[in-house]
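Same order as they appear, the protein sequences are chains A and B. Going by the numbering used here, the letters in the first sequence line up with residues 1 to 539, in that order. Going by the numbering used here, the letters in the second sequence line up with residues 1 to 284, in that order.
Keep in mind that the hints are not guaranteed to be accurate.
Footprint (simulated), chain B over chain A, 3 or more residues, beta carbon under 8 Å [to be verified]:
hint: 1; stretch: 321-335
hint: 2; stretch: 345-358
hint: 3; stretch: 368-378
Interface residues of chain B toward chain A, partial, derived using beta-carbon atoms under 8 Å [stated by the list, open to error]:
hint: 4; residue: A173
hint: 5; residue: P191
hint: 6; residue: N192
hint: 7; residue: A196
hint: 8; residue: R275
The set of hints was computed from the structure by calculation and includes no laboratory data. Even for Gly, the Cβ is constructed at its ideal location relative to N, Cα and C.
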Amino acid sequence: MTSPLLHVTGLGIGFQARGALTPVVQDVGFTLEKGRTLALVGESGSGKSITALSLARLLPPAARVTGHINFAGDDVLAMSERQLRALRGRKITMVFQEPMSSLNPLHSIERQIGEILELHGTRKRDIRDRVVAALAEVGIPDPAGRLGAYPHQLSGGQRQRVMIAMALVNRPDLFIADEPTTALDVTVQAQILALLKDLQTRLGMAMLFITHDLGIVRKIADDVAVMQKGRIVEAGPAASLFAGPQHPYTKMLLAAEPKGAAPAVDTTRPLLLQTGDLKVWFPVRRGLMRRVVSHIKAVDGISLQVRAGHTLGIVGESGSGKTTLGLAILRLIRSQGPIIWLGKDISSLNSTAMRPLRRDLQVVFQDPFGSLSPRMSVAQIVEEGLRIQNSSLTATERRSRVTAALAATDLDPATMDRFPHEFSGGQRQRIAIARALVLEPKFIVLDEPTSALDMSVQAQIVTLLRDLQARHGIAYMFISHDLKVVKALASDLIIMKGGKVMESGPAAPIFAAPQHPYTRALFAAAFNIEAVSAAEVAG
Amino acid sequence: MRRRASRLHRGAAPGLVLGAGLVAFLLAMALLALVWTPWPPAAIDVPHRLLHPSLAHWLGTDELGRDILSRLMAGAGVSLKVGMIAVGLGAVPGVALGLIASAVKGRSEDVIMQLCDFAFAFPALLSAIMLTATYGAGIDNAILAIAIYNVPVFAKLTRAMANSVMAREFVQAARAAGRSPAGIAVHHVVPNILAALLVQATIQFSIAILAEAALSYLGFGTQPPEASWGLMLSEAQNFLFVAPRLAVYPGLAIALSVLGLSLLGDGLRDALDPRLQKIAWQRA
Numbered sequence: 001m002t003s004p005l006l007h008v009t010g011l012g013i014g015f016q017a018r019g020a021l022t023p024v025v026q027d028v029g030f031t032l033e034k035g036r037t038l039a040l041v042g043e044s045g046s047g048k049s050i051t052a053l054s055l056a057r058l059l060p061p062a063a064r065v066t067g068h069i070n071f072a073g074d075d076v077l078a079m080s081e082r083q084l085r086a087l088r089g090r091k092i093t094m095v096f097q098e099p100m101s102s103l104n105p106l107h108s109i110e111r112q113i114g115e116i117l118e119l120h121g122t123r124k125r126d127i128r129d130r131v132v133a134a135l136a137e138v139g140i141p142d143p144a145g146r147l148g149a150y151p152h153q154l155s156g157g158q159r160q161r162v163m164i165a166m167a168l169v170n171r172p173d174l175f176i177a178d179e180p181t182t183a184l185d186v187t188v189q190a191q192i193l194a195l196l197k198d199l200q201t202r203l204g205m206a207m208l209f210i211t212h213d214l215g216i217v218r219k220i221a222d223d224v225a226v227m228q229k230g231r232i233v234e235a236g237p238a239a240s241l242f243a244g245p246q247h248p249y250t251k252m253l254l255a256a257e258p259k260g261a262a263p264a265v266d267t268t269r270p271l272l273l274q275t276g277d278l279k280v281w282f283p284v285r286r287g288l289m290r291r292v293v294s295h296i297k298a299v300d301g302i303s304l305q306v307r308a309g310h311t312l313g314i315v316g317e318s319g320s321g322k323t324t325l326g327l328a329i330l331r332l333i334r335s336q337g338p339i340i341w342l343g344k345d346i347s348s349l350n351s352t353a354m355r356p357l358r359r360d361l362q363v364v365f366q367d368p369f370g371s372l373s374p375r376m377s378v379a380q381i382v383e384e385g386l387r388i389q390n391s392s393l394t395a396t397e398r399r400s401r402v403t404a405a406l407a408a409t410d411l412d413p414a415t416m417d418r419f420p421h422e423f424s425g426g427q428r429q430r431i432a433i434a435r436a437l438v439l440e441p442k443f444i445v446l447d448e449p450t451s452a453l454d455m456s457v458q459a460q461i462v463t464l465l466r467d468l469q470a471r472h473g474i475a476y477m478f479i480s481h482d483l484k485v486v487k488a489l490a491s492d493l494i495i496m497k498g499g500k501v502m503e504s505g506p507a508a509p510i511f512a513a514p515q516h517p518y519t520r521a522l523f524a525a526a527f528n529i530e531a532v533s534a535a536e537v538a539g
Numbered sequence: 001m002r003r004r005a006s007r008l009h010r011g012a013a014p015g016l017v018l019g020a021g022l023v024a025f026l027l028a029m030a031l032l033a034l035v036w037t038p039w040p041p042a043a044i045d046v047p048h049r050l051l052h053p054s055l056a057h058w059l060g061t062d063e064l065g066r067d068i069l070s071r072l073m074a075g076a077g078v079s080l081k082v083g084m085i086a087v088g089l090g091a092v093p094g095v096a097l098g099l100i101a102s103a104v105k106g107r108s109e110d111v112i113m114q115l116c117d118f119a120f121a122f123p124a125l126l127s128a129i130m131l132t133a134t135y136g137a138g139i140d141n142a143i144l145a146i147a148i149y150n151v152p153v154f155a156k157l158t159r160a161m162a163n164s165v166m167a168r169e170f171v172q173a174a175r176a177a178g179r180s181p182a183g184i185a186v187h188h189v190v191p192n193i194l195a196a197l198l199v200q201a202t203i204q205f206s207i208a209i210l211a212e213a214a215l216s217y218l219g220f221g222t223q224p225p226e227a228s229w230g231l232m233l234s235e236a237q238n239f240l241f242v243a244p245r246l247a248v249y250p251g252l253a254i255a256l257s258v259l260g261l262s263l264l265g266d267g268l269r270d271a272l273d274p275r276l277q278k279i280a281w282q283r284a
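Just chain A, with the same shape it has in the complex:
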């Protein structure tokens, strides 16, 4: 029996700062054979990306690495810089999460891929042919015609395909994919995963797949190693790990996948909100006189209804106009078409007339880092709405309401004088929810409130939202690309694409039997990846 391709034992990584060593990875060991896929699973900060970077010695100089990394019989930690350069991009290659920032915006596709070939000794006149072949391999249509294209001219999925082409053009032995599909839409995600699986089988390389998404692991990995706080807490073949998780953390991760379904629609509840043929068109201006030459139709004729205490799910991929729709309903951007709130059209109210209504219509955004002002304390952030809406409250009264709102979102009210940067992503999202809650609104627009969070935190936030709805009877408009979360929360559903409704109605029947082809493609991508790859192979 030959030795395995990659054998890591006792790997420890620490960062040296001011004489102190902060350990981030401890006693990590795993083995990866040619032709197999190992998934490294963990939440943000678990040390999975750092571990991957250490395999090609790509860590910053402050990192101290101990242990053994044996790659194809060589000790990686003992290699010289020269030997490492021969290893990187040739034997070990990587693809990262964000395809836009991984590509140089000023280089054409040909130059990006050609550079890798040139560095590793391909003759100049062969480069173009090999680049075309590499692009064809990753499924870029008309590869010869795309050679001169720049990254901004490609879609997110195409950019990630180019990254994969760059990684695979030198036929590596080990391919490391660090969250390669996290930044992509679900249908594109499914295509990229299918492509990776297919290329791996054909080229027979080993793949180290880093992800936080257990749904992906289930589909792509042969073996799984679960990391928590810098250690591997459980490892083994994927099938047995999913069937019978041993470690409590693995069990928690598996349990954290959002489950359950929302209650059916209760038509006796009053209608809170209605829109009729709502449109948000952004004018495109050209020329000296800035004449309007056309419109970008971000939201193009959406009619919807929200009942008190219910959740309307808005599902769509990036660019479908779902966020714009949410902002338009809150009258934060200009729109055409009636917006009926409690029987009254609010679409033409000016900002002064809107102000008293704002206490009933609140919003929670996706990015818990961007949605809290770094210069304000938690108490100041949460009480801002009270200062505007209930200016008669005394400081003590405001403070007690802030305390109540923070307690309702399971935050310790004693921390209210701290600043946002002292909190984790999940805690920040709770602060954002508390800010919406403090005004006791009837309706909250939730714009991807769980997308930036770790899986287990996601589940906690979903539970919290469900809980708050049951207790206070708040109606939600839940905007998301994540169908699993939407399924757990929404009783009504709208599927959007290109600013238009593809399918809409009560959630349960749509999940059971989607009618529109686009809905079906979306559901297949989210719930069953094989279905898509099979369909793709057939097509």
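Given chain A, put chain B in place with the hints provided.
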């Protein structure tokens, strides 16, 4: 992570202390000069011209026998006045215009920014000549000219940074809570761009001191026999090879005050940032 570590090594707090110390010293000199200087700053004493430093004249005398230390002290007041008023008069309308441009968007934003470009086309010197031609030469007109030059500097910086803050979600959240555009500008935008404005203000302060020197040299600023650092510097030019110290002292005074102000600006920026407060506290 690494940035924080290096910041700890360098130490933000000592800079703040040193900067505040230098600025306080400068202010003390300027205030003292109002009531007392070793010699009358404008007293001409030709027999004792170009003296080397001595017990009687600590820093020596200039080409007309005036005491250099006394003139430096008297000049500190003028330079501080020029710097502070010119930056203040430039920054307040500049920041306001930038905030308005960023809040209103569209056609009005274009108009404001084009006015700023137009104002940029007039260097401080040109405005000073125009003001002098209309209202006569003098330090006040020089200050006004420098202030006018500062307006578009602050307006452009403010608009660019306010635009990036306005695009952030906490501003949307404030709008959803019912905040007015003015409230958003004051409560959300200004605190988040204050750091860069402070740094820009220290830069403009040193530019203002140097601009006053240039204007005085051309006869548009401080009028002899009054003293200002800029005027002293330009008067020293004719004696650069005979008595270089005449230029060194006011030059050093300008350099030290600019250093003091930028250290103070940097220190204030860090002290005002809640993200860095914990580190400062841990140092203590």
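Cross-check of the supplied hints:
no., hint, verdict
1, 321-335, "holds (count 3)"
2, 345-358, "holds (count 5)"
3, 368-378, "holds (count 8)"
4, A173, "holds (6 Å)"
5, P191, "holds (4 Å)"
6, N192, "holds (6 Å)"
7, A196, "violated (13 Å)"
8, R275, "holds (5 Å)"
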